[in-house]
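Each protein sequence line maps, in turn, to chains A and L.
Per this note's numbering, the first sequence starts with residue 1, numbered consecutively.
Per this note's numbering, the second sequence starts with residue 1001, numbered consecutively.
One should not assume that every hint holds.
[What the hints assert, rightly or not] Using 30 Å as the maximum straight-line C-alpha spacing, the simulated DSS-like pairs for lysine-lysine come out as follows:
id : chain 1 : residue 1 : chain 2 : residue 2
1  : L       : K1086     : L       : K1052
2  : A       : K389      : L       : K1086
3  : A       : K393      : L       : K1120
4  : A       : K364      : L       : K1052
5  : A       : K277      : A       : K389
6  : L       : K1086     : A       : K277
7  : A       : K393      : A       : K364
8  : L       : K1155     : L       : K1052
9  : A       : K277      : L       : K1155
10 : L       : K1120     : L       : K1086
11 : A       : K277      : L       : K1052
12 : L       : K1086     : L       : K1155
No lab work stands behind these hints, which were simulated from the structure alone.
Note that the coordinates shown come from a computational prediction; the quantities given were computed from them, not determined experimentally.
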Amino acid sequence: MRLLRGIGRWLEDRTGLVGVIRDLALHPVPPGTGWMYVLGSATITALLIQVATGSVLAMVYTPSTSEAYASLQYITNRMVLGHFLRGVHFFGASAMILFIGLHMIRVFLWGSYKYPREASWLSGLLLLGLTLAMGFTGQLLRWDQNAIWSVVVGAEQAGRVPFIGTALAHFVLGGDSVGGATLGRFFAFHVFMIPGLIFALVGVHLFFVLRNGISEPPSQTPVIEPESYRDQYQTLLDESGVPFWPDAAWRDVVFGAGVVVVVAILAGIVGPPALSKPPNPAIVQAAPRPDWYLLWYFAVLALLPHGIENAFMVGFPLLAALLLVLVPFLNNRGERRMRFRPWAVASVLVVSTAVLSLTIIGEKAPWSPHFDAEPLPTAVVGQVGSEAKSGAKMFHDKGCEYCHSIAGYGGHRGPDLTWIADERTHDQLVIRIMNGGYNMPGFSSILTPAEVTAIVSFLQTRTHHGAPALPRDSVAPRADTAASK
Amino acid sequence: MADERERDGTTMGRRRLLAWLASGAGALASLVVGLPVIGILLRPMFRGMPVKWRSVGAVDSFTVGETTEVVFLDPLGEPWAGDAAKRAAWLRRDGEDQFTVFSMNCTHLGCPVRWLDETKLFMCPCHGGVYYADGDVAAGPPPRPLVRYPVRVRKGQVQVATVALPIT
């Protein structure tokens, strides 16, 4: 014991670290900081999970386009605990994005970004952007079929920027096209550059928190007046401040430990995202999708009116970033209580609902053709004449079923045709098939008159009157219910 | 008094000089390391890929009126690239010596379009863009027709030019 004390005294004398750490741990914070204050530290906990698991994964992962996929297969299927580690890394990333988003919402709703914490908000915004960049680059490091086409999609979006779009796209790709340089580039971004920036910014962010103090709950300072706030805050700390450790920090530690346990459980039960086909640009059977946190944007790009896509792809990220940057400058004083800030609450509700809804629809992706649609079974086709029977076969063979469903079979890009004969006449069906529509190609140069007649003949049997018993419960009751534009 | 002022002035001048010297040395060191790093980082923005003609098969191996996938290598020849060096395109034989080669990339967001032989359409799996057999937009979000690659016939071989990924 005496030896340990001696070592401690020596360390303190030579480094001063013990005193600094003690001062940091015991610095006074406002009373009443509850569970809503653990979201920032939970984000850092998730970051630490990523650093730990990422370091080990990087020991085995080979950032070469010819070997990356094989090394990931090895990690996933053969390496001891590799499957679990990849899972922890994936769910750790998900947790980091989730908590940084919730932390941001809490800070916004409680007015914690107001004077004198504007710089904390701005550094947090940069950290949000870098975290999303880590997520995107991490998805690409899987280097499977989904990843390489996601790079292409990312480059195409960068390409929409006026004047410098092509140069930006080539910056993303590391060249004129996906190639050997692409993966190495993303590996360097994901493992060195972005984490370096994140560490630096986390340091800056925490420095700001220490310098300006943890924002007290709105009930303690309902209204911010910059002229008197610092004195008011100091008085609060002097009169009723509590030491950060353990009075406030215990919640951070307990919640952080909970995050680690939940991430580990999810990694063990659900596992990492499955690798898709090998990364061969010559394999065209690919349907790239982003990870869950960008599915909402994937959905937006599918649902936008076509004419405004370019403006949206460039303008939306810029506008969103600008608005977020301006938040603490447009409104850095005044009321902090939520019940007196209805616009703040409403904006969070609207954005959250929109992102959640778009994420759900992005997961379903009803706009994507269903290439694997099975031919309609006899039970669905029913007892129909030979021409209609032939039309039912063509409905599948000619690709109608990729976009239209009948009795639950087929895609959802176009309207559900289960009861189409109740909605459209013979002539209307012919005209639509021949001329197409906004999201449907015209088949006049593709189908023969006999084929059109057969398909229409089949569609005319899709009516409530004398309809066959349908085998699937999920049948839409009426037509035109799908997500067509 | 005058000596003191002179000494203070000399000290300030010396300090200013040392500050400039240190700042200059720091800037120089940063440039020596930073410029090559930034140069390598940004180089892909300005480097053009060389165009090469790649044979994708004998003329007779393609049937008139049919559209098939062809695969060729990019011109960079990076030894570690593996399959990532492969490029694919859709080739249609229009006549005896007439071929059209379409980029695999949807002009909406670059996803790989599939040729549906029964339907005679190209379809994109991402957002449902559809193209006719001649590459024209048939439906969905693509803003323009499929990009066409330069193609030629040399010594009985169909050759495709290796051009950059079409950024639309």
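Going down the list of hints, with the structure as the test:
{"no.": "1", "hint": "L:K1086 with L:K1052", "in the structure": "holds, 14 Å"}
{"no.": "2", "hint": "A:K389 with L:K1086", "in the structure": "violated, 43 Å"}
{"no.": "3", "hint": "A:K393 with L:K1120", "in the structure": "holds, 17 Å"}
{"no.": "4", "hint": "A:K364 with L:K1052", "in the structure": "violated, 41 Å"}
{"no.": "5", "hint": "A:K277 with A:K389", "in the structure": "violated, 36 Å"}
{"no.": "6", "hint": "L:K1086 with A:K277", "in the structure": "holds, 15 Å"}
{"no.": "7", "hint": "A:K393 with A:K364", "in the structure": "holds, 26 Å"}
{"no.": "8", "hint": "L:K1155 with L:K1052", "in the structure": "holds, 16 Å"}
{"no.": "9", "hint": "A:K277 with L:K1155", "in the structure": "violated, 36 Å"}
{"no.": "10", "hint": "L:K1120 with L:K1086", "in the structure": "holds, 25 Å"}
{"no.": "11", "hint": "A:K277 with L:K1052", "in the structure": "holds, 28 Å"}
{"no.": "12", "hint": "L:K1086 with L:K1155", "in the structure": "holds, 23 Å"}
The earlier numbered hints that this structure contradicts are 2, 4, 5, 9.
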